[in-house]
Amino acid sequence: MSATKSLSIARSVALAALVVAATGCSVEPWVKPYERDHLADPIMSFDRDPVSSSYTGHVYEAREGARGATGAAGGGCGCN
Amino acid sequence: MKRIVVMALLSLAAMRTGMAGVLPEDRADVLLHSYDGGGVTIQGPSVLVRKQFAQKFSVSGNHYVDKVSSASIDVVTTASPYEEERKQNSIGLDYLHDRWMMNVGFTNSEENDYKAETFSFGVSQDIFGDLTTVSLGYSLGNDVVGRRGTNFSEDTQRQQYRLGVSQILTKDLLLGVSFEAITDEGFLNNPYRQVRYLDPTTPQGYSYEAETYPRTRTSDAGSIRLRYYLPYRAAVHVEYRKYGDTWDISADTFEIGYTHPIEAGWVFEGKVRSYSQSKADFYADLFPRSEFQNFMARDKELSTFTSQTLRVGASYDIVRGGWKFVERGTVNVILDHMLFDYEDFRDLRVTGVTPGSEPLYSFDANVLQVFVSFWF
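First to last, the sequence lines map onto chains A and B. Residues 0 to 79 (numbering that gives the first Met the number 0) make up the first sequence, in order. Residues 0 to 375 (numbering that gives the first Met the number 0) make up the second sequence, in order.
Hints are not guaranteed to be accurate.
[As the list claims (entries may be wrong)] Simulated DEER-style distance windows between Cβ atoms:
id : chain 1 : residue 1 : chain 2 : residue 2 : range
1  : A       : W29       : B       : Q42       : 47 to 53 Å
2  : A       : W29       : B       : Y315      : 34 to 40 Å
3  : B       : A53       : A       : W29       : 32 to 38 Å
[As the list claims (entries may be wrong)] One-sided and incomplete, this derived list gives chain B residues near chain A with beta-carbon spacing under 7 Å:
id : residue
4  : D28
5  : K170
6  : S177
7  : E179
8  : T258
9  : P260
10 : Q276
11 : Q368
[As the list claims (entries may be wrong)] Derived pair list, reagent style EDC-like, types lysine to aspartate or glutamate, alpha-carbon separation capped at 16 Å:
id : chain 1 : residue 1 : chain 2 : residue 2
12 : B       : K241      : A       : E60
13 : B       : K170      : A       : E27
14 : B       : K66       : B       : E110
These aren't lab readings, by the way, just hints derived from the structure by calculation. Every residue gets a Cβ at the ideal spot worked out from N, C-alpha and C, and that includes glycine.
The following block holds chain A by itself, in its conformation from the complex:
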């Protein structure tokens, strides 16, 4: 590979990195803010009632071997 071609690739990568760095947090959203009324509906919440989901997570964690990646919190055992 020639030095010129290497330089060209390096420039392209640098330019791409610069574009990503400059626009990474301001990418044009493909779902506009005014199109998010459905997503803002409480029925679309991943955790509509934290007091309930926390308890449910504890019920499962005390009786199953698996744990984590559920969002459930808690301490102690309560598993006898």
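Since the structure of chain A is already known, use the hints to place chain B on it.
What follows is chain B alone, placed relative to chain A:
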């Protein structure tokens, strides 16, 4: 049994809005819970209050109680029925700065034979035009394990690492991906549980001795969840979680649910959850002899089993249009019916048969939650 894990997760708590740039709503919840199954009843309240202040902060507090009355299969075959109470208190603080959200929390849990303290820290940020929320979290827990009526005391330390991404895919579809790795070190046994082994010198043909667990455990869990808004204002969600740990337990969890509001202020929900796991490599229902191997367990939670949950729930708006300082209020009822089927844990209440040929154990449980919520 040694595995170094790189982990990650996004807790649901961080995904609750899919937007790190918004503080959680001011709200208060009072919940009464009841678990009844397998000879165990557990009841108690949970009170959760959250309030914003100074426009950039939100503070939360939770008081939770378990009142346990246990005559479980483990208790009736190797110990005596008992009653106990566990109290848990948590405080948390969220701080919002631009599109960043930081949170710290502390939880204390106490019962007469188990104390646990957990510190947690998390950070999340909205990126890509607020279509994506990335979250990181870390928790450190220190437990003290005791045994009723003795001076027994052992320590356990737990670290949790979480990473998650919440993503708006379309104007009707949300995606959540989370990973969590947990490492434990210390005394990980249940100090009351025992293993059984063949013993021809006894009338029933077997005896019991104390369990011995490894003193370390590392687990990884990854989950993916999708939530879709249906054209007639309802939501359907699916979720899958894969789990594995250094005790050789692997588990799969699948869930599908449906949420349906109607104009009169009601929201109905239903879901089905299916869980299955394989046993820990040091688990056996019946060991060939005493001290058969270094690590031995007969905890049914470490056995091969499946569980199914069927949920129905309803919520009703009791404060519509606001009342004094209350903007909104709901009363909620959720009932879960759970079925557990064990594939290598036997029912030792059945006697007079050859050891190891007792029927396999199974039980079902009903879990009821009744709670009121107020937004202010």
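Results for each hint:
1. One distance hint, 47 to 53 Å for the beta-carbon pair A/W29 and B/Q42, holds here, with the actual separation near 48 Å.
2. Range check, A/W29 to B/Y315: about 37 Å between beta-carbon atoms, so the 34 to 40 Å window is met.
3. Hint check: B/A53 to A/W29, Cβ distance near 35 Å, so the stated range 32 to 38 Å holds.
4. The beta carbon of B/D28 is positioned within 7 Å of a beta carbon in chain A (closest approach about 4 Å), and the interface hint is therefore held.
5. Checking B/K170 against chain A by beta carbon gives a least distance of about 4 Å; that is within 7 Å, so the hint holds.
6. Satisfaction of the interface hint for B/S177 is found here, the shortest Cβ-Cβ separation to chain A being roughly 5 Å, below the 7 Å cut-off.
7. A hinted interface residue such as B/E179 counts as satisfied when its beta carbon comes closer than 7 Å to some beta carbon of chain A; here the least separation is about 4 Å, so the hint holds.
8. Proximity of B/T258 to chain A holds as hinted, the smallest CB-CB distance being about 5 Å (cut-off 7 Å).
9. Hint on B/P260 holds. Least Cβ distance to chain A is approximately 6 Å, under the 7 Å limit.
10. Hint status for B/Q276 relative to chain A: holds, with the closest Cβ pair at about 5 Å, below 7 Å.
11. Using the Cβ-Cβ criterion of 7 Å, the hint placing B/Q368 at the interface with chain A is satisfied: the shortest such distance is roughly 6 Å.
12. Restraint check for B/K241 and A/E60: satisfied, since their Cα atoms lie roughly 15 Å apart, inside the 16 Å limit.
13. In summary, the hint linking B/K170 to A/E27 is supported, as the alpha carbons are separated by about 15 Å, within the 16 Å threshold.
14. Our distance criterion of 16 Å between C-alpha atoms is met by B/K66 and B/E110, whose separation comes to about 10 Å.
In summary, this structure violates none of the numbered hints.
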